[in-house]
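Asks: Please put together the full structure from these sequences, using the hints given.
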Amino acid sequence: MAETILVIVEQREGKLNRVSWETIAAGQAIAAQTGWTLEAAVVGSGVTAIAGEVAAKKLAKVYVVESARLEPYTPDAFAHALEEFLGKHPAKLVLMPHTYQVRDFVPKLATSLETTAISDVIGVKHEGGKLLFTRQMFQGKFVADVSFAGSGPCFVTFQNGSFRADKVEAGGAAAPVETVNVDIPDGLVRNQPQPVFKEAKQAVDLTQAEIIVSVGRGIKEQKNIDLAKQLADALGGELAASRPICDNGWLPMDRQIGSSGQTVAPKLYLALGISGAIQHLVGMKGSRSIVAINKDSEAPIFEIADYAVVGNLFDIVPPLIEEVKKAKG
Amino acid sequence: MVTALSAASAVVYTRLFRLCQLTLYGSQSVKILVCMKQVPQKDAPLKLNDAGTWIREDVSYEVNEPDAFALEEALRQKEKHSGEVVVITAGPARALQVLREALAKGADRAIHLEDDGFVGLDAYNTARAIAAAIKDEKFDLIFTGLQSDDYGYAQTGVILAQILGLPHATIIMQIEKTDAGIHVKRELEAGFFQFVDMPLPALLTIQSGINKLRYATLIGIKQAKTKPLRKVTLAEVQPAMGGNLQKIEKLYVPQKSKNTEFLEGPPAEVAKKLVEKLKNEVRVI
Ligand SMILES: Cc1cc2nc3c(=O)[nH]c(=O)nc-3n(C[C@H](O)[C@H](O)[C@H](O)COP(=O)(O)OP(=O)(O)OC[C@H]3O[C@@H](n4cnc5c(N)ncnc54)[C@H](O)[C@@H]3O)c2cc1C
Ligand SMILES: Nc1ncnc2c1ncn2[C@@H]1O[C@H](COP(=O)(O)O)[C@@H](O)[C@H]1O
Numbered sequence: 653m654a655e656t657i658l659v660i661v662e663q664r665e666g667k668l669n670r671v672s673w674e675t676i677a678a679g680q681a682i683a684a685q686t687g688w689t690l691e692a693a694v695v696g697s698g699v700t701a702i703a704g705e706v707a708a709k710k711l712a713k714v715y716v717v718e719s720a721r722l723e724p725y726t727p728d729a730f731a732h733a734l735e736e737f738l739g740k741h742p743a744k745l746v747l748m749p750h751t752y753q754v755r756d757f758v759p760k761l762a763t764s765l766e767t768t769a770i771s772d773v774i775g776v777k778h779e780g781g782k783l784l785f786t787r788q789m790f791q792g793k794f795v796a797d798v799s800f801a802g803s804g805p806c807f808v809t810f811q812n813g814s815f816r817a818d819k820v821e822a823g824g825a826a827a828p829v830e831t832v833n834v835d836i837p838d839g840l841v842r843n844q845p846q847p848v849f850k851e852a853k854q855a856v857d858l859t860q861a862e863i864i865v866s867v868g869r870g871i872k873e874q875k876n877i878d879l880a881k882q883l884a885d886a887l888g889g890e891l892a893a894s895r896p897i898c899d900n901g902w903l904p905m906d907r908q909i910g911s912s913g914q915t916v917a918p919k920l921y922l923a924l925g926i927s928g929a930i931q932h933l934v935g936m937k938g939s940r941s942i943v944a945i946n947k948d949s950e951a952p953i954f955e956i957a958d959y960a961v962v963g964n965l966f967d968i969v970p971p972l973i974e975e976v977k978k979a980k981g
Numbered sequence: 060m061v062t063a064l065s066a067a068s069a070v071v072y073t074r075l076f077r078l079c080q081l082t083l084y085g086s087q088s089v090k091i092l093v094c095m096k097q098v099p100q101k102d103a104p105l106k107l108n109d110a111g112t113w114i115r116e117d118v119s120y121e122v123n124e125p126d127a128f129a130l131e132e133a134l135r136q137k138e139k140h141s142g143e144v145v146v147i148t149a150g151p152a153r154a155l156q157v158l159r160e161a162l163a164k165g166a167d168r169a170i171h172l173e174d175d176g177f178v179g180l181d182a183y184n185t186a187r188a189i190a191a192a193i194k195d196e197k198f199d200l201i202f203t204g205l206q207s208d209d210y211g212y213a214q215t216g217v218i219l220a221q222i223l224g225l226p227h228a229t230i231i232m233q234i235e236k237t238d239a240g241i242h243v244k245r246e247l248e249a250g251f252f253q254f255v256d257m258p259l260p261a262l263l264t265i266q267s268g269i270n271k272l273r274y275a276t277l278i279g280i281k282q283a284k285t286k287p288l289r290k291v292t293l294a295e296v297q298p299a300m301g302g303n304l305q306k307i308e309k310l311y312v313p314q315k316s317k318n319t320e321f322l323e324g325p326p327a328e329v330a331k332k333l334v335e336k337l338k339n340e341v342r343v344i
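Listed in order, the protein sequences are those of chains A and B.
The opening position of the first sequence corresponds to residue 653 in our numbering, with each subsequent residue numbered one higher.
The opening position of the second sequence corresponds to residue 60 in our numbering, with each subsequent residue numbered one higher.
FYI, nobody ran anything at the bench for these hints, they're computed from the structure.
Ideal placement from N, C-alpha and C gives every residue a C-beta, glycine not left out.
Warning: the hint list may mix true and false statements.
Quick list of the computed label-pair ranges, beta carbon to beta carbon [said to hold, decoys possible]:
hint: 1; chain 1: B; residue 1: Gln87; chain 2: A; residue 2: His741; range: 21 to 29 Å
hint: 2; chain 1: A; residue 1: Gln846; chain 2: B; residue 2: Gln156; range: 34 to 42 Å
hint: 3; chain 1: A; residue 1: Gly739; chain 2: B; residue 2: Glu323; range: 54 to 62 Å
hint: 4; chain 1: B; residue 1: Thr237; chain 2: A; residue 2: Gly823; range: 45 to 53 Å
hint: 5; chain 1: A; residue 1: Asp835; chain 2: B; residue 2: Thr276; range: 48 to 56 Å
hint: 6; chain 1: B; residue 1: Ala239; chain 2: A; residue 2: Gly698; range: 47 to 55 Å
Keeping only pairs whose Cα atoms sit at most 35 Å apart, straight-line, the calculated DSBU-like set for lysine-lysine is [as the list claims (entries may be wrong)]:
hint: 7; chain 1: B; residue 1: Lys338; chain 2: A; residue 2: Lys977
hint: 8; chain 1: A; residue 1: Lys744; chain 2: B; residue 2: Lys306
hint: 9; chain 1: A; residue 1: Lys740; chain 2: B; residue 2: Lys306
hint: 10; chain 1: A; residue 1: Lys881; chain 2: B; residue 2: Lys244
hint: 11; chain 1: A; residue 1: Lys853; chain 2: B; residue 2: Lys139
hint: 12; chain 1: B; residue 1: Lys309; chain 2: A; residue 2: Lys937
hint: 13; chain 1: A; residue 1: Lys819; chain 2: B; residue 2: Lys139
hint: 14; chain 1: B; residue 1: Lys101; chain 2: A; residue 2: Lys850
hint: 15; chain 1: A; residue 1: Lys937; chain 2: B; residue 2: Lys101
hint: 16; chain 1: B; residue 1: Lys139; chain 2: A; residue 2: Lys872
hint: 17; chain 1: B; residue 1: Lys338; chain 2: A; residue 2: Lys980
Away from chain B, derived, C-beta distances all over 12 Å, residues of chain A [what the hints assert, rightly or not]:
hint: 18; residue: Arg721
hint: 19; residue: Glu736
hint: 20; residue: Gly824
hint: 21; residue: Asp838
hint: 22; residue: Glu851
Replies: Here it is in structure tokens:
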């Protein structure tokens, strides 16, 4: 029997989150390997337009899971709505992007169905009739192939950038769209969320910088930031940092690169003492050229670096500043 | 006149009553559980075991980073509102170190689910084990880290909330107690945030950087030795657990996706080589 794969696309305040296309691409890849049926669902209030957008892709069906109580987002309402929906429309695999919103409700939903979510997946293999999901472990130092040992449904969340949005196949004709109204009882929703806001005014716009020198915890102390600043100045670039540096207040928040900071794509990204956790990489892996200096030869940052220097940054940066100055005359 | 007077006194009474209530709430203490996990040290070189299913365990360990921030937050809340901070870990004998450090920093007591079998559980089973170990207790707040540095499930906290029937909020950067419950700040992607009001009891998953960590004092370290520590065996909680629903078939070093050029030699030479590249290939000089 053909099983169903359901992709839950993400919308926020009536807008499709583009990362959903990557999840649809993942779903199409799995459907091609398994021969299973691929469907999608959009969850919210007044989100039919999004369903229409999604229905243009190669999918068997698109559902609108609808209730006024789904806006604004709360984990209670989302988990309840999807539990009810999946009760009526069972699926073997339920795929979603690994966003902050999904992290917030999927473990709850999976638990209420006494099943599991394989989180932050970067690839899928179909071997000997079995699906294997590849995910990072130990902050990216290793990856693991994980199998699902339950009876289903199996929830899978995909890390940003693991599948290519531009690989999504369009459908011949638009997929049928069906609205499913869910009943969210009074008193079920316990959290009262307030509007989303952005904290600080952006003092620098790193997205425009052509050269970025970025410091991580390998810089050890606040006073050493100056060394990186000298290198940035010599190169005519901007200074940026990994999250712990900004958390410590050594550099302002608006210089943080990564999933909770800025996304940049300069000509040159020079990473000093940054390990390369995925939450950092998503903010800079689009850079045209990446140089990493790290004392640990196994640091995950080297997996995406064009030029790598294994060594102590305090030995390498001072002569580097001199050489840059010399070259610039 | 009479009615006006009584109305005025009614106002006074209500105010007085409110005042009492406020002071009552103000001094209402909080009982907080903090879930803490021991993970391999950040800088520890990790090696695979012979079967390629897990790492070799002969490495140094430390507390999972966001869990340290969760403990700090719990201690701060207790200092503000009075109450009790209890720390819990599920792990082998070595994980006791995490609890010792937490007690030295000011936690009041600790619970250790001690067994080698607590390594390698999926998040559902870890949460079920923790829930079973605290079934006779009532906490106002439960804190976990937002994710572990080893497995990185990012799930144990939310699952625990669901098992216990508690509301939850994730990736929390600020917590304030209010009359009706708590007012928390959630971190969202790309520099966005959101405040959420929620009732107590509740579970929160804490983000690194929510506060500044304290160090243990010498007195703290001394006092820690006399603080209560409850051990829980795997057998005690096993009835509440089940088989793992996800299985690691293979653990391995990721394949490189890029053709990385390693520049080698003494620092001065490496600096020269790198500047050559920046000039001729990257073309930024
Ligand atoms: C939900 C979430 C959101 C997050 N958002 C972000 C984000 O937006 N941006 C971000 O950066 N992180 C973010 N993080 C944190 C991220 O997971 C990592 O913890 C963080 O990026 C690590 O920073 P780091 O590389 O500077 O430090 P570490 O991981 O501690 O790495 C330090 C590196 O320095 C090297 N080193 C040490 N000494 C030297 C030396 N003398 N010379 C050379 N190298 C040296 C070490 O080998 C190590 O590789 C987020 C995490 C979560 C869970
Ligand atoms: N074995 C454990 N013992 C205590 N707390 C744990 C354990 N595993 C996970 N946690 C808690 O759950 C959080 C999230 O872990 P994870 O779901 O593995 O990413 C951690 O930051 C801890 O607070």
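Asks: The structure should be examined with respect to each hint, and the outcome stated for every one.
Replies: Hint by hint, here is what the structure shows:
no., hint, verdict
1, B/Gln87 to A/His741: 21 to 29 Å, "violated, 46 Å"
2, A/Gln846 to B/Gln156: 34 to 42 Å, "holds, 40 Å"
3, A/Gly739 to B/Glu323: 54 to 62 Å, "holds, 60 Å"
4, B/Thr237 to A/Gly823: 45 to 53 Å, "holds, 50 Å"
5, A/Asp835 to B/Thr276: 48 to 56 Å, "holds, 55 Å"
6, B/Ala239 to A/Gly698: 47 to 55 Å, "violated, 30 Å"
7, B/Lys338 to A/Lys977, "holds, 12 Å"
8, A/Lys744 to B/Lys306, "holds, 17 Å"
9, A/Lys740 to B/Lys306, "holds, 28 Å"
10, A/Lys881 to B/Lys244, "holds, 32 Å"
11, A/Lys853 to B/Lys139, "holds, 31 Å"
12, B/Lys309 to A/Lys937, "holds, 27 Å"
13, A/Lys819 to B/Lys139, "violated, 53 Å"
14, B/Lys101 to A/Lys850, "holds, 31 Å"
15, A/Lys937 to B/Lys101, "holds, 22 Å"
16, B/Lys139 to A/Lys872, "holds, 32 Å"
17, B/Lys338 to A/Lys980, "holds, 10 Å"
18, Arg721, "holds, 15 Å"
19, Glu736, "holds, 16 Å"
20, Gly824, "holds, 34 Å"
21, Asp838, "holds, 15 Å"
22, Glu851, "violated, 6 Å"
The structure does not agree with the numbered hints 1, 6, 13, 22 stated previously, though it agrees with the rest.
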